[in-house]
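**Student:** One gets our numbering by counting positions in the sequence shown from 1 and adding 349 to each.
Honestly, the hints are just simulated from the structure, not real lab data. Warning: the hint list may mix true and false statements.
Restricting the straight-line Cα-Cα distance to at most 30 Å, the calculated cross-link-like pairs of lysine-lysine (DSS-like) are [what the hints assert, rightly or not]:
#, residue 1, residue 2
1, 593, 532
2, 466, 354
3, 561, 497
4, 378, 518
5, 378, 497
6, 593, 617
7, 412, 591
8, 641, 358
9, 491, 436
10, 531, 409
11, 358, 453
12, 351, 497
13, 412, 534
14, 412, 586
15, 632, 647
16, 409, 604
17, 532, 491
18, 412, 491
19, 351, 412
20, 358, 651
21, 358, 497
22, 491, 356
23, 409, 632
24, 412, 593
25, 356, 392
26, 476, 554
27, 608, 358
28, 617, 600
29, 450, 356
30, 356, 632
31, 378, 604
32, 586, 351
33, 604, 641
34, 531, 473
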Amino acid sequence: MKFPKLKNKAILAPMSGVTDIAFRELARKYSASLTYTEFIHSKAILHNNNKTNEMLKISKLEKPSAVQIFGNSESDILEAAKLLENKFDIIDINCGCPAYKVIKTGAGSALLDYPDKIQSLIEKLVKEIKKPITIKIRSGVKEVNALKIAKIAEQAGISTLTLHARTQKQGYSGTADWNLIKKVKEQANIPIIGNGDISSPEQFKEKLEFSKVDYIMIGRASIGNPYLFQQINDFLKTGKYKQKSKEIQFKEYLKLAIKYNLDFSQIKNQAIYFTKGMENSAKLRNSLVSCKNIEEIKNLFKLS
350 MKFPKLKNKA
360 ILAPMSGVTD
370 IAFRELARKY
380 SASLTYTEFI
390 HSKAILHNNN
400 KTNEMLKISK
410 LEKPSAVQIF
420 GNSESDILEA
430 AKLLENKFDI
440 IDINCGCPAY
450 KVIKTGAGSA
460 LLDYPDKIQS
470 LIEKLVKEIK
480 KPITIKIRSG
490 VKEVNALKIA
500 KIAEQAGIST
510 LTLHARTQKQ
520 GYSGTADWNL
530 IKKVKEQANI
540 PIIGNGDISS
550 PEQFKEKLEF
560 SKVDYIMIGR
570 ASIGNPYLFQ
580 QINDFLKTGK
590 YKQKSKEIQF
600 KEYLKLAIKY
610 NLDFSQIKNQ
620 AIYFTKGMEN
630 SAKLRNSLVS
640 CKNIEEIKNL
650 FKLS
């Protein structure tokens, strides 16, 4: 199954606690070409609880739509994918998360030490699921084996691969190896998505031209700053881009968060993210911690 051709080059990364439906819709409004749900454990999908179902809701702007699944059981991941294939256009398997609570269970980037498991999982998914199957990986666990994993995954039938070019051991330290991303793209016959250390439109253009990847995924730099996608899109087209204040961005997020009835705790956490780079941001964050309702948050941001 082919990966759909996307209109723009910048993709929003799936991020736990960040990419809720309101944030994804705002990113889409700001020209993100693809957005994913937060990563969701295969067992949680099978248990069909309310919290998981809320995470699986998608916006009308999310076309195509993508879900990211993680887990350590091949059968559970397969069953979860079957449950979701009619709802989502793309099913992505997380083979890259470096968090200890994930890798200690054998999920996320822990799978990179077991290429045979990745191959078996992809082959079964591709055989039984009638939607594009994609994976997100890291460079390796301790040693770099991304070229090997990418080749195995492509032969097994994935539609595209995203590489965050750091090892699991690195976490988010050091720098992403875009030379490795370029090598993966050079050997591939499928679309490749690069990921790591892109925080400005200028960096985006530079890495896109250097690596020749099909798309670039943006993660941490977009937290509290989804307008980055519009800036990237404008810069690629015109060589220029505008600024949009964090207050205005948060106002738009808050409107969507209320529309989708998101938990207050989630809204407050996102509000804290949006304060980065604002005047008196430290004081604002301290005040946000004690907010008890949305009206208090609105007052802090001076929103009518």
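**Student:** Please flag the earlier hints that this structure goes against, numbers listed from lowest up.
**Tutor:** 1, 4, 5, 8, 9, 10, 11, 18, 20, 22, 23, 25, 26, 29, 30
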